[in-house]
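Undergrad: Produce the complete structure using the sequences and hints provided.
For the record, the sequence lines run as chains A and B. Quick note on UniProt numbering: the first sequence kicks off at 1 and runs consecutively. Quick note on UniProt numbering: the second sequence kicks off at 1 and runs consecutively.
Take the hints with a grain of salt, since some may be wrong.
Which bits of chain B does chain A cover? Going by a derived footprint, with three or more residues having C-beta under 8 Å, they are [stated by the list, open to error]: (1) 21-30; (2) 105-118; (3) 187-201.
Non-contacting residues of chain A with respect to chain B, defined by C-beta distances greater than 12 Å in every case (computed) [claimed, not checked]: (4) D27; (5) I48; (6) L62; (7) A71; (8) H90; (9) E102; (10) F106; (11) K148.
Since the hints were made in silico from the structure, they are not lab data. Using N, Cα and C, we set each Cβ at its ideal position, and we do this for glycine too.
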Amino acid sequence: MNNYYKFGRIITTIIMAMALRIAPWPDFIEIFNPDWVLLALIYWTIAIPERVGIFHAWVFGLLTDVLTGRAFGQHALAYSIVSYVCIKLHKRLRPFPLIQQELFIFLFLLLSQLLLFWVKNLETPGQLSATFWLPVVSGTLCWPVVYKSLRFIRLLHSSK
Amino acid sequence: MALIASIALLVTEHKSPRLDALRSSLSVLVDPVKYLVDTPIVALKNAKESVSAYSVLKEENKKLREDQFITKSRLLKFDALEKENIHLRALLENSFKLGEQVLIAELLSIKMVPYEHIVVVNKGTRFGVHPQQPVLDTNGVVGQVFRALPFSSEIMLITDLNHAIPVQVNRNGLLTIAVGSGQINRLNLPFLPNNADIRPGDLLITSGLGGIFPPGYPVGIVDNFTPESTKPFPTITATPKAMLDRNRELMIVWSKSSPVLLNAPPIQKSPPAPVKPSNE
Chain A
1 MNNYYKFGRI
11 ITTIIMAMAL
21 RIAPWPDFIE
31 IFNPDWVLLA
41 LIYWTIAIPE
51 RVGIFHAWVF
61 GLLTDVLTGR
71 AFGQHALAYS
81 IVSYVCIKLH
91 KRLRPFPLIQ
101 QELFIFLFLL
111 LSQLLLFWVK
121 NLETPGQLSA
131 TFWLPVVSGT
141 LCWPVVYKSL
151 RFIRLLHSSK
Chain B
1 MALIASIALL
11 VTEHKSPRLD
21 ALRSSLSVLV
31 DPVKYLVDTP
41 IVALKNAKES
51 VSAYSVLKEE
61 NKKLREDQFI
71 TKSRLLKFDA
81 LEKENIHLRA
91 LLENSFKLGE
101 QVLIAELLSI
111 KMVPYEHIVV
121 VNKGTRFGVH
131 PQQPVLDTNG
141 VVGQVFRALP
151 FSSEIMLITD
161 LNHAIPVQVN
171 RNGLLTIAVG
181 SGQINRLNLP
191 FLPNNADIRP
201 GDLLITSGLG
211 GIFPPGYPVG
221 IVDNFTPEST
231 KPFPTITATP
241 KAMLDRNREL
251 MIVWSKSSPV
261 LLNAPPIQKS
271 PPAPVKPSNE
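TA: Have a look at this one:
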């Protein structure tokens with residue numbers, strides 16, 4: 001029973017991340033809008049890798065594809081690869097101070113964006129400007145906020 | 001496993017439209033998120049309206065009534081003109097297609113991805129919407145339905161980089177294609193020669209050649225024509241007539257000769273079928 005309850009929390013945070021992803025920001029903020037779903041997934045795979053795995057990442061990636069109207073499977077591909085790396089590295093990442101974690105988050109977001117870029121370029125080559133990479137930087141800067149808030153949510157229900 | 005599955009999905013989608021069913025069933029799961037994001041924004045707008053002063057509303061009401069009076073009297077004339085047009089075309093042994101049916105759809109306040117001009121509306125296949133339908137607003141052409149899901153549909157605006165619309169210059173009937181520029185207020189006309197008879201201020205209307213957009217709807221106004229002496233093609237840009245980034249209500253149009261029966265009762269307007277000229 002308790003496990004289902006915890007899983008509900010995870011799903012709620014990811015739905016919120018999806019909502020942030022498609023929220024109508026003004027144009028100048030929008031090009032910075034980071035990949036919130038991936039940030040949330042990275043947090044959960046590092047924090048509780050025994051519960052959130054590659055399969056979950058794949059399913060949420062597929063849902064993100066449908067949500068943002070992308071070609072089927074591109075977010076699924078990127079998210080599952082990033083979550084695989086996260087699960088492999090979670091023991092090393094956990095004790096790091098936030099600054100050092102951010103370095104890795106930067107690399108993860110870059111990896112994901114690179115995969116998305118690759119798929120996108122197969123479809124319609126040569127249409128993306130340099131601003132395509134901005135969400136990687138902003139996502140890295142958002143990591144402390146995501147980390148603190150999701151940690152708060154996780155500990156909130158584990159104490160119950 | 002996941003890797004293979006996602007690559008397989010990517011390839012399948014690229015090759016065939018067979019995954020559309022899976023996409024629409026999954027969209028039932030995520031569409032609530034779209035409405036979730038939209039709700040607070042609509043609520044805010046409603047709140048703003050309810051606290052706005054009585055006098056402002058009264059003023060607006062008066063203006064709208066005047067507007068309606070003017071449009072109605074114009075429509076009276078339009079009816080007569082339409083009859084005359086049908087008659088003249090019958091004399092020319094030409095066919096005249098009428099009977100367009102529209103469905104009012106409301107925009108959801110969400111942004112799917114940057115760099116692409118795709119908007120989401122709250123009407124989907126449940127209302128009979130299907131891909132490639134033209135979408136208009138009160139000023140002109142907005143775009144076309146790009147993907148129809150059960151509870152929402154994605155609309156590609158005419159300014160999207162991947163969008164092109166066949167147009168004609170209203171003044172002299174010059175045919176060309178208007179391509180989206182990626183900027184919300186600009187269309188490019190890249191396929192005209194340097195000596196083309198086109199000048200700023202010309203109205204572009206749909207030519208109906210692509211088979212998607214019905215002919216005769218305003219698309220944009222040419223605002224810049226710069227001949228390039230060193231290049232084969234001049235730089236011509238146009239501003240879309242439709243208020244692409246401001247409107248909340250859009251019209252999805254059925255322009256096929258056999259109107260689709262709507263299974264839900266939306267706000268709809270089907271003009272009375274004209275007496276078909278005996279030319280067939």
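Undergrad: Now look at each hint and say whether the structure bears it out.
TA: Right, here's what the structure says about each hint:
Counting residues of the stretch 21-30 of chain B whose C-beta lies closer than 8 Å to any C-beta of chain A gives 6; at least three are required, and the coverage claim holds. For the stretch 105-118 of chain B, the stated coverage by chain A is satisfied: 8 residues place a CB nearer than 8 Å to a CB of that chain, which reaches the threshold of 3. Under the rule that three or more residues need a Cβ within less than 8 Å of chain A, the assignment of the stretch 187-201 of chain B is violated, with 0 such residues. Annotated as non-interface, D27 (chain A) brings its C-beta within 12 Å of a C-beta of chain B; the closest such distance is 8 Å.
In this structure I48 (chain A) is separated from chain B by more than 12 Å, as the shortest Cβ-Cβ distance comes to about 18 Å. With a least beta-carbon separation of about 7 Å from chain B, L62 (chain A) fails to lie farther than 12 Å from that chain, contradicting its non-interface assignment. For A71 (chain A), the requirement that its beta carbon stay farther than 12 Å from each beta carbon of chain B is not met, with the minimum near 5 Å. Distance check for H90 (chain A) against chain B: the nearest CB is about 17 Å away, which clears 12 Å, and the non-interface claim stands.
Listed as a non-interface residue, E102 (chain A) keeps its Cβ farther than 12 Å from every Cβ of chain B; the least gap is roughly 23 Å. With a least CB separation of 20 Å from chain B, F106 (chain A) remains clear of the 12 Å interface cut-off, as annotated. The non-interface label for K148 (chain A) is consistent with chain B: the shortest C-beta to C-beta separation is roughly 23 Å, beyond 12 Å.
The structure fails hints 3, 4, 6, 7 (numbered hints given earlier, in ascending order).
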